[in-house]
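Asker: Sequence:
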Amino acid sequence: MAQADVPLLLSRQTFKAALSAQSFDFQSLVGRPARYDDDCMPCVMILTRADDREADYISLRLAAAGIPLLRIDSDRCAGTELVWDVFDGVVRLGGERFRPKVHWSRYFSASSIDAPAPDAIAHYVQEQWGAWAEGMQPPTDVVMVNRSTGRWRPSRTAQLAAARRAGLRVPAGVVTTCPGRAPDLIPGSGDLVLKSLGEHLIEETPGNAVGLFPRRVTRAELTGDRTVESAPVLIQDFVPSSAELRIHWADGAFIAFRLGKRSMDVERLNISDVSIEQVPMPPELTGPLTLLSEQWNLQLAAFDLLETPGGHVFLEVNPAFDWLWLEHHLAGKPVSTAVCDFLINAFEGISS
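Residue numbering for the sequence shown follows the numbering used here, beginning at 7 and increasing consecutively.
Don't read these hints as lab results, they were simulated from the structure. Mixed in with the good hints, there may be bad ones.
[Unchecked claim] Here are the in silico distance ranges between beta carbons for each label pair:
1) Arg222 - Glu102: 44 to 52 Å
2) Lys22 - Pro145: 39 to 47 Å
3) Thr86 - Pro124: 15 to 23 Å
4) Gly317 - Glu227: 51 to 59 Å
Ideal Cβ positions, reconstructed from N, Cα and C, are used throughout, including at glycine.
Go ahead and model the full structure; you've got the sequences and the hints to work with.
Answerer: Here it is, written out as structure tokens:
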């Protein structure tokens, strides 16, 4: 079999973005609330990257509540003076001692770390920071948001299997390095969808991202092609739908939005092409999604489902998720309020 030069999912991807490493975090720029306990600053700790507008919003809300935020951005961490006591959980950063009370790992990514050094050293820096972020497990008296999750956990395939066990409909699919075999393995005659097993964005170099958005193909495009690609890809049956549901889970409560996209090729970052409305939570989804949230130990997450004539179809869950773009045209900020209220209540509850 021939080896593919460019994987099908990567070909025809037009979305590229420069992800800024400039910080707009309120507490980092202006200062943290003066709050100390035994010479340590109790805080909420977030591991993410500079281009995380939701974390910027959280920083402002926490400051208004008098709660310090310790934020470590992967694209700004190289060269940072850091000491972490793995037994008492104290983090020393920038001459300050912090004691995290709530911990949330969001978009911290080793591939975003720009280490101006020879390749071997740069890879070392990325590997060590990535391992630290994955291993950052504070003491048991810390609220770990989405404790059992991490990068690619739960995996897309594990999500689909669990959703099916919970009684939700999921698209038929296969994981393969041979996309041409998919039409024979997936029942039906309709189109197929290629999806990333990992992130929807990859960084060619730190700060320079390329989209890996789902790509719809016909079966005829794949049939007969026996090319072996360099990496596996998820291929699913294309499910016609009238809309997509983005359902947020915030510590026991659901907040649902209906997204009416013009076509599957509309990249959702272009919000002008997406109609958005807040809708009531479909009652038939409450039980299964609550079960999955508890199974994966999720406190904050976003579920994506399709709305079809035959019922809802589960796509994926995102333990680290964006929501400000959904609230852009709304009078209120239901998700922002729910997320920040959870973090504030968790901090105050464990600090009392």
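Asker: Going back to the hint list, which numbers does this structure go against?
Answerer: Number 4 - this is the single hint that the structure violates.
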